[in-house]
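Turn these sequences into a full structure, and let the hints steer you where they fit.
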Amino acid sequence: MNTSLTKKQLGLAVACALTLGLASGATRAELLPAQEREIWNDASKQVWMNGYGECWHSAFGPPPSPNVVCGPQPIAQYVAPAAKPVVVAAAPQPVYEKVTLDTNVLFDFDKSALRPAGRDTLDDFVGRMKGIGSGTITAIGYADRFGTDSYNQTLSEERVATVKDYLISKGIASTWVQSSGKGELQPTTKAGECEGAKSASTIACLQPDRHVFIEMSGSRIKQ
46 MNTSLTKKQL GLAVACALTL GLASGATRAE LLPAQEREIW NDASKQVWMN
96 GYGECWHSAF GPPPSPNVVC GPQPIAQYVA PAAKPVVVAA APQPVYEKVT
146 LDTNVLFDFD KSALRPAGRD TLDDFVGRMK GIGSGTITAI GYADRFGTDS
196 YNQTLSEERV ATVKDYLISK GIASTWVQSS GKGELQPTTK AGECEGAKSA
246 STIACLQPDR HVFIEMSGSR IKQ
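Under the working numbering, residue 268 is the last one in the sequence shown; the count climbs by one each step, no gaps.
Bear in mind the hints are in silico, worked out from the structure with no lab data behind them. Don't take each hint at face value.
[Stated by the list, open to error] Listed next, the in silico DSSO-like pairs over lysine-lysine satisfying Cα-Cα at most 27 Å (straight line):
{"hint": "1", "residue 1": "227", "residue 2": "243"}
{"hint": "2", "residue 1": "243", "residue 2": "143"}
{"hint": "3", "residue 1": "227", "residue 2": "156"}
{"hint": "4", "residue 1": "215", "residue 2": "143"}
{"hint": "5", "residue 1": "156", "residue 2": "215"}
{"hint": "6", "residue 1": "129", "residue 2": "175"}
{"hint": "7", "residue 1": "156", "residue 2": "235"}
{"hint": "8", "residue 1": "156", "residue 2": "243"}
{"hint": "9", "residue 1": "227", "residue 2": "215"}
{"hint": "10", "residue 1": "175", "residue 2": "215"}
[Stated by the list, open to error] What follows is a list of derived Cβ distance ranges for each label pair:
{"hint": "11", "residue 1": "142", "residue 2": "213", "range": "34 to 42 Å"}
{"hint": "12", "residue 1": "219", "residue 2": "248", "range": "15 to 23 Å"}
{"hint": "13", "residue 1": "140", "residue 2": "246", "range": "41 to 49 Å"}
{"hint": "14", "residue 1": "235", "residue 2": "144", "range": "20 to 28 Å"}
{"hint": "15", "residue 1": "262", "residue 2": "231", "range": "17 to 25 Å"}
{"hint": "16", "residue 1": "179", "residue 2": "235", "range": "34 to 42 Å"}
{"hint": "17", "residue 1": "145", "residue 2": "220", "range": "15 to 23 Å"}
{"hint": "18", "residue 1": "194", "residue 2": "248", "range": "17 to 25 Å"}
{"hint": "19", "residue 1": "134", "residue 2": "231", "range": "46 to 54 Å"}
Beta carbons: idealized from backbone N, C-alpha and C, even for Gly.
Structure representation (structure tokens):
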């Protein structure tokens, strides 16, 4: 009778142990995330992996879902940096300019040759034109009242022709220059000034009438 009781007690003990073991395993499995329940791990939840970084998992049930721990880590794809926008500098804009010269120091009385001071004045005018890409020059010659109308007309034309030739010699395009003579018309001196017959003082007084008016209009590119 004692022997029979002992066998029954032993059987109950084994059954309890199995039940507790299964319950413990089920409880531990339930505590794991769903994607790791079929992956083999130890009591410390250290995942078992082979030498290639692949996880061991149970042969029962569906294959485990992909896990960030298992398998080779994904290689980040290279993303080329976005190209910097190309900044195009604004093209320089042409600026319209007008240069005017009205001088009476170019010629002596009854002469069409340039004075030294006249050449210096024209050189300064040419210097002010540097950088002008295209333009036009209007030159008008004048004479004082001494002499006939036809003589003074011819003299004014000769004077402005001298100015035109000098500008061309300094690099100004001949096509830019338009010249004409006005004779003794449109004097600079006022009525009542420089009266009297031809004399040194009267000739000196009329010097402003022996002048040439020059006007340049053109476009300059500002850098």
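Honestly, which of those hints from before does the structure not fit? 2, 6, 11, 12
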